Each structure stands twice: as structure tokens, then as C-alpha cells.
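J.: Here's the letter readout for the chains.
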Amino acid sequence: MAEPPASPETVSTPGPVVVLIEDAPEIRRFLRATLIGHGYRLVEAETGREGLQAAETRQPDLIILDLGLPDIDGLEVIRRLRGWTAVPIVVLSARGQEADKVAALDAGADDYVGKPFAVGELLARMRVSLRHAERTVRDVEEQAYKAGDLMVDLAHRRVTVSGQDVHLTPIEYRLLTTLIKHAGKVLTHKQLLKEVWGRPYDDQPHYLHVFMNQLRRKIESDPARPHHLLTEPGVGYRLAGPPGD
Amino acid sequence: MSQHRPDPDALLARAKEEEARKTQGRLKLFFGAAAGVGKTYAMLEAARALRADGVDVVVGIVETHGRAETAALAEGLPVLPPRRVEYRGATLQEFDLDAALARRPAVILVDELAHTNAEGSRHRKRWQDVLELLDAGISVYTTLNVQHVESLNDVVAKITGVVVRETVPDSALERADEIELVDLPPADLLERLQEGKVYVPAQAQEALHNFFRKGNLIALRELALRHTADRVDAPMQDYMRDHAIGKTWPVTERILVCVSPSPFSPQLVRAGHRLAHRLGAELIVAYVETPAHARLAPADRDRVTQTLRLAESLGAETVTLSGPTMSDEILAYARERNVSKIVIGKPGRSLWRRIVLGSIVDALVRGSGEIDIHVVSGEGAPAPLRPLRVQPHAPDWAAYGLAVAVVAVCTGVAWLMFPHVSLSNLIMVYLLGVVGVATRTSRGPTVLASVLSVVVFDFFFVPPYLSFAVSDSEHLITFFVMLVVALVTSGLTVRIRAQVEAARQRERRIAALYGMSRKLASVHGIDDLLEIALRHMGEVFSGQIALLLPDESGRLAPRRVAPEGMTLGATEMGVAQWAFEHREVAGLGTATLPGARALCVPLAGPRGAAGVLAIVPADARAFESPEALHQLETFANQTALAIERAQLADEARRAEVRMETERMRNSLLSSVSHDLRTPLATIIGASSGLLDGAERLDSATRRDLVRSIHGEASHLDRLVNSLLEMTRLESGAVAIRQEPQALDGVLGAALQRLETLLRDRPVRVDFPADLPLVPIDAVLIEQVFLNLLDNASRYSPAGRPIDVSAKVAGLMVVVEVSDRGAGFAPGDERRAFEKFYRGHSARVRGVGLGLAICQAIVEIHGGSIIAENRPEGGATVRFTLPLEGYSKPSGLSDG
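Protein chains in written order, with numbering that gives the first Met the number 0: chain A, 0 to 244; chain B, 0 to 894.
Each hint can be trusted.
Chain A is nowhere near these chain B residues, computed Cβ spacing over 12 Å in every case:
(1) 93
(2) 114
(3) 428
(4) 657
(5) 691
Once the Cα atoms are required to be at most 30 Å apart in a straight line, the calculated DSS-like pairs of lysine-lysine come out as:
(6) A:217 with B:806
(7) B:834 with A:114
(8) A:193 with A:217
(9) A:217 with A:180
(10) A:189 with A:217
What the simulated footprint calls covered on chain B by chain A, stretch by stretch (three residues with Cβ under 8 Å from a Cβ of chain A suffice, anywhere in the stretch; the number is not a length):
(11) 739-751
(12) 775-783
Think of the hints as simulated: they come from the structure by calculation, not from any bench. In this text the structure is predicted, and so the values were computed from the model without any measurement. All residues carry an ideal CB built from backbone N, CA and C; glycine is no exception.
Could you build all of it, start to finish, from the sequences and the hints given here?
T.: So this is what it looks like as C-alpha cells:
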């Protein structure tokens, strides 16, 4: 990932509260060490029920949820949480089970990390999700997006790559702005289709692939080694997000 | 003493026999010359002795005939309640076979072996019940009088003048392990009879006059003694064979008995059997089906059938030959089977026929060469010879009409020719007509045409004309010759036709059999096989046919039936089950459960019964001739062999799969155990080093240890993923989700994931800008890129570039991943895709699954993958993905 290594947190302000719902004690142990080391305040839950309870009583800033829980299905936990809270959820799931990830994301999870994962990757995902949550809370519309050679002036609907104007069709532009709105987060095919085209096309991902391919050719200097539009095979697309994020 | 060694084959046969006997019950026979000698008494005494020794003895059925002493002896022995059978108003008591089988005593007493069971019993004869008891492992004590022995039947009839109908076949008697002769001198027997100890008085007087004459009793006693002596001789011979004493077993002779529809034939068979028994020879009984067979009355045909059945019950092999002349067929068959003696009956043909047509005996003797011919006298045949030639069908009036019409036409033609040709040529016209009739009709109309021709010829063309009178006596010779020529010609024609018909029928059956075996050889599934068997049998045998196969518990169930919807009743299913378990033909027309609607033939192969063929024939008498039954059995055997072959093939296939699985598992285990242990050893070693002495290590060393732990763990992760992926692909659990995707996007995802691995190595991507979307499962194709890039980086030195290119070729996209390493070892390009194959470089670590996984993935996309060395050095893996099936989506506008 293009995420930089985590910077040490300042100790003066109390860190964000994270509820970790995970049944495997080994994983809890190393996450405990790492997350506390990075300044998070950690609440551990061994089962889905405990996790839901903790989410209600501790008002966390973020929830890390393992999809394979002994009592309640992880997807069900997401649905119940989304019934009353918009708190960011980062899902831990086994690799190779793309369908589970998509289901979790479609159910309302913010992002995922495939097991086994590097700590840096998890921390990066957590940061992106926390920032998006803050932004939603503050409801701030950004006027411009800049990442590397890509510049998008949202107010004037102008897109430049390395200072060169790039002409985008309306759908390509809408696709790009949707990704910018969730920069750094993965968006499933369904979510993208829904936001860009509306409901009728949400089961026809090939429209999306066609336009995403066109968009990639317009804004990436080397489409095979993309810096902005990242493919998450089997799951969806992600805009890399500005560096230093 | 000379060096005699027992014949090993004979010893083996005996060992097998004894092995079979161990699981079978023993049969002890109390054998006597006549009723009243005390057989039942002796049997009961023996039973009491057994019971005193603690053996579980049960009285199955014992007939005391109202004799007080016998009844007293039976007291105290447990008795099996008899089965009561209602028969024409009377209640009969019958031996209850099923109760006996259920009770399973060690020894059971079953009196009167020759008894005929009441109608509706499972078996027609009691000896069949006894055989079933023996097969079930129950020992049997039974009694028998000499007049009931099948092969002695005719001798007894000659002595006493009474034909005994209840006989026991010798083959059943040979099952006896022990024979106890119960002997009583005739004078004593007569005394007992007069005292009323044998029959109740009223019957005694009558019996005395008929059967129990002193002369009879003496002769019967001698017969019984001789028969017992013969039987006692058999164990002696066994003993001699086992111990190689004296002469070895004589070369087996074969005796061929020729039978005819004559009532004398059964006697001939018995005579042959006695001869064979005495010589220790094999017995074959043959019937020759000449064209005359077709003209036989049903009663005569039945008699042939009965004779052949009798022969089979005496343990003989029966065969039906067919051909124009009896003697030629017999001699040809005798030579083929190395027969040493032929037994035939004294000819029954009258003298003049013998002179005209020749006798079979003469023909046989002339052609026999080294074969002995025994001619057995038929005098004293129990029934008078019935006329053999009985018109089998009602006369066919149309055929007679045709005969008359043909003669009329001939007369017309002859009338026209009369003024121009001589008389002898007019005769030719009539002969032509007669031959014509013979080719179209049967014997009767042909004879009519012959006679009518002569008469009409006389009337119209022989002077004085229009009169039956003959002026010139020379014409009488003309008439006689004309008649003989007409009769002989027509006779020959009819005979040829009959033979052609018989040959055609045989050919049809053989063709069907051949067709079936050929078809059976070409199919594999059992159901297809049964279908074919059923179809071919349906062509030959008319009726409803069902093929039944057993389930795991050995219960039969119909697997295939013809016609569709045919069902079998409970009785028929019972018969089928019995036939299956006993591997014997049962049901309709046989000795076992003859009342059933279906005839059940076991599908018996070398490994046991595979199932049962049940046929409900359209004509209930269709299988009465042994030949038809044999035919059915031949079909059944062919089917059984095919089923067995299919089952064996199935087993072999399963065994092969098992072996392959086993081989794979071993290869996997050896590969995985090494590959799993090495990183684990590093992880455990390095982490334990950190745990034990973290404070003593400098930070650089600590970092080093942690880095190696991380590296090894990542390696383990890759390995486990490969294994899981391979397993998933192989089990077919992967549901491929093809969507048109941009290949460069997918490659990008793979490159990103391998960022660390490829950090210090340029990857040159050459994808044309207009590369169309390819219908792929992005997750799987990403895996292909991951594996290929991973391989390329591991098999080429650090810093060397990796090239990835794609181009469209026809309806395919061709993708190449190349490195600048050492390339594949010669010949390894193909093996590279085998599971657990690893390149020659020993330093390189991996499971050897990467390319195998790629191949599986590319192939489920409908593409292909090959590996080769580049001319400029290094390895290239090239795979194709089809573009077809993808059409640019319509229905959405960009605006």
C-alpha cells in the first residue's frame, strides 16, 4: 500500500476508543499491544453479543470486527450496528473470500483487511475510516482534490493530470467524484453502480468496468501500474487517496 | 512298493468337497428292501442314542403307520408340528420345511425320502426339502426303500410288475454320507406282515398278494444289498485315491445314450446310467432332432422332454443335436466328445422299413469305428409303443385347396400340350406341380397332389381317355414310378424346408445371443447393460421379462423390466429370491415352486449370483424342453458375465482412483511436511531466541530475528494459500464469476500486492492502449499474475527485469510473463505444470503448485497455458484467454 508508516500519536489528547470484536485470543493479544502502542483506547469483546453491548455502552469511535464469530454472524452484527449508529467499522476477514467482504461492505462496513495482515495496513485503514467519519460529522464539502499528478477542481468541474486538462464524460466525472468522496476507502461494485447510475443497474457490473477502464486510461500515466484508481479484484475499486493521509 | 503319489488335482477336489461338506449337513440314509423291514424303527433308535449324547435331535416327520412299537420309540423326542394342507376336502399332514429351517436343529428326522409333497408346497418332492436342509447346514436322517431309487426303478418294475412313481434321483442319493442297510430276511418280513405289524390288517392282505410275494422280496433284498455294496465301494475308492493305493483313477470313459420319443427311452437312460456307474464313466444323453421332430405329436415331444429331465436328474449331461440323419449326428458328436461307448435301443422300425430306409443301428455300427455300440433290448417296455405319427395340427384346408388347384392347372397345361408331346413329358408337368405344392405346403397336401396327379393323368391322358380303366398294363409301371417319384421328391422338399426352418430358428437365437454379447461388450454402465440384455432376450423369448438385482442386504428388486410397467407378485418375488440364494432355476415348470407364474433363472457368474432373470412366458409351456431352458440360461449367463465384468471394472476404477489419491497424498505429505517445517523451525527458533535473551541481543540482531520471523511467516502464508487454492480448484468448488475486466487493472492489483517482493526489480508492462475488456474472474486471474510474477522473481537473479505483455490474436488475448533467469531445464517445460514439481534450482523455495494453479485457472476460463525458454535466455509463460461471449454492453448512455 501507498500508506506511509504510522506516525506516533501525541499522548496529550486521549486517543480514539476502539471496540475490537474478535474471538481468537492470539489475534486480540497482538492487536492489543499494537493498538495501545499507537494510542488507541481498546475495548475487547470475544463474541458478537458482547461486541454489540460494548458498542452501545462505550460509544466507540471505531469498531474492528472479525466476520467469523462463534455466536452471531459478523454480517448480522454489522446490520444491527447500522440500525442505530454510523460508527466506522473495519472488518477482518480471511483472504480468498471476496464474497464475504463484498457482503460486509454492502451491509455497511467501511473497509476491510484480509487476514493475515500487516499491522501498518490495518492502521492505515483505521485512519481513513476515522477521518471519513469526522468529515461526515462536520459535513464539510471539499472544494478540490489533489493527489500526485491528479488535480480535481470540484467547484469548476475541472480535471488535470500533470497540469494538462483532461476531458471526462459526465459519467466518468461522476465516477471520479464518487471515488473522491470516499477517497482511501474501498467501494464495492454495487455501491458505485448505485451512486453513479442509480438502482436499475446495480447488478450489471460490466458498465462499471467499461467506464472505470476509460477513466483509468485518462487519468493514469501507466494504467498497468495505477497510482490513483486501484482495482480490488472481486470486491470493487478504491481511490488511493492523497499521500500523507 | 512303487512310487505312487496321490493325484494332486483329485486331492484338491476332495479337499474342496470336504470343505463344502463342513458347512453342509450330513445325510444318513436308512435303506431297506421293502416296507416293514424296520427302517423307521432303526432311525428312531439311532436318534434316541444321539439324544442321549446330548445332540439336538428333532423329529421332522415320522410315519409310524399305526405301529405301536415305533410310536413308543418316537415318544420323548421333540417333534416339529406338521404343516396341515387342505387337499380336496382332506387334511394332509406335511413336513414343515420353513419351521425346520427356523428351528435349526443339529439333526432332523425326515421319514420317507421318496414322498411326494401335497400341491402348494415349496418343492414337489420331499428329497428336495432334504437337500435344502442339508444346504442350510442341518444334518438329516431319512429312510428309503430300494424300489424308490430312480436308476433301479425299471428293474424293480420288472421284478414286481408294479411301476413305482415316487422315485428319488441318484444324484440326490449320492449326497448321502452314510447308508445304513436295514435288513430282514424275507421269511421274517412275511411273518411280521402276517402278524399285522407292517400294515393295518385290511391292507395287509392285499399287499401280500401284490407286492410282498416271497420271490419279490428275495429279489428286492438282493437289489438292496447290491446297491448298498456299490455305495460302500465309493468311499473305498475315495480312500484308495487319497492314499494312492494300487491303480490310479481310471481314465474317464464317456457313455453316450441316444434317446428317441419312444416310451422305451427312459429305460434306456437308466440302463446307460447303471453302466456308467459301474464303469465310473461320464454319462451323456443325446436326442437328435431330425426334421421328423417337427411332425411329432405333443405327447411324444413331452416324452422326449421327460426323458431328458430324467437323465439330468440321474446326473447326466443332456444335449439336443439336430441334423438330417440321426446316425451321422450321433457319430460326429461322439467323436467330438471322445465317447467310448454308445448305447441305443433295439430298433422299433418294422422289417420292411428297415430294409427300405436302413436301420440306425446298422448305420451306427458301420460308421462307429473304435466306438463300442451297445444295443439294449426294449422288450417288456411298461407301456405299448404309441403310433409316432400323429397329425399335430388341424388340416389346413387352404393348402389342400391349393394342391387341387395346382393339379387342375397342370391338367390344363397338359391338355394344351397333349397333341404335341409324348406322355412322358406330360408326367413332367405334373411332377413340376407336385414339387411346387411341396415347396408351399406341408406333407398332407403334397401327398394329395401326388396321388391326384396320378389319378387325373390316368383319367385324361391314358387310353382309354376319360376313364380310370387302363388298356395297357405297362401304364401301371408308369403310374407307380410317377407316384414314387412324386412322393419322394415332395418328401425331400418338405424335409429340406423343415430343416431350413429349424436352421433359421437356431440361427436367429444364435444371432441374438451373439448380438447380445457383442453389444454387452461395448457398454459399461450396469443399467445400459441390463437394457441391452432385456432387448435381446425380448427378441428371442416372448413374454414379460424382468431383471432383478440385489441391494446391499441381498434383497432382490426389479432393476429393469420389459414391457414397461410389468410387475412381479409376492410369490414370484419369493421364487426369485429362492433362485438367487440357491443359485438354481426355480418357479414355473421346475421342481421348485412350480405353481409360480414366472420362471426364475439366476444370473450366475463365476463370482456368484449377480441377480435373477424372471420371465413370465406368453406360453406357459415354452420352457418345458431342456433346450429352451438351456437357451434361457445361456442368455442369463452372458448377462451375468457382463454384469460381473462391469462390477469388476467399477472396482478396478475405484482402486485406481484410490491409488492415485494415495500417490497424491504421499507426494503432498512429503512436500508439505518439508515446506511447512522449514519456516516453522525458523519461526520457533528465532522467536525463542528473542524470548529467552532479548536483553542480551543488540537491536540490529533483534530486528534481524524479527525480520526472518516475518519473512518465514509470509512464506507459510503463501504456501497455505496455494494449497487451499489448489484444493478449491480441484474439488470444483470454485464458482467462476466472469465479468468483462480490464486486464491491466487486474495486473496492477497483483503488482501492488507484490510491491515488497518486486521492490528492486523493474517490471516492464506492454499492454496496448486499445486492449479490450476480457471476460474473466478477476480474483482468479489476479492469482495467475501473482503466481507468475512470484515465480519470475524467484527463478531469476535480483535486479533482472520481468516483462509482462498482452496482445489480441484472433478471438484470444495472449498474455506473456517472461523473466531473464536460467529458464527451464530441457524437457521440464511440460512437467512444470505438474503438481509439486519444482524447478531444478534447489535454493528456490515453494510448493511447486504455482503453475499447476495457473493452469487450472486458465483452463476453466477456456484458455490454455504453455511454458518455454526464450531464445535470448530466461523463461516465458504464455497463456490465452478467450474474448468470445463478450459483447459491448448496450442500454446505457454516457450523458
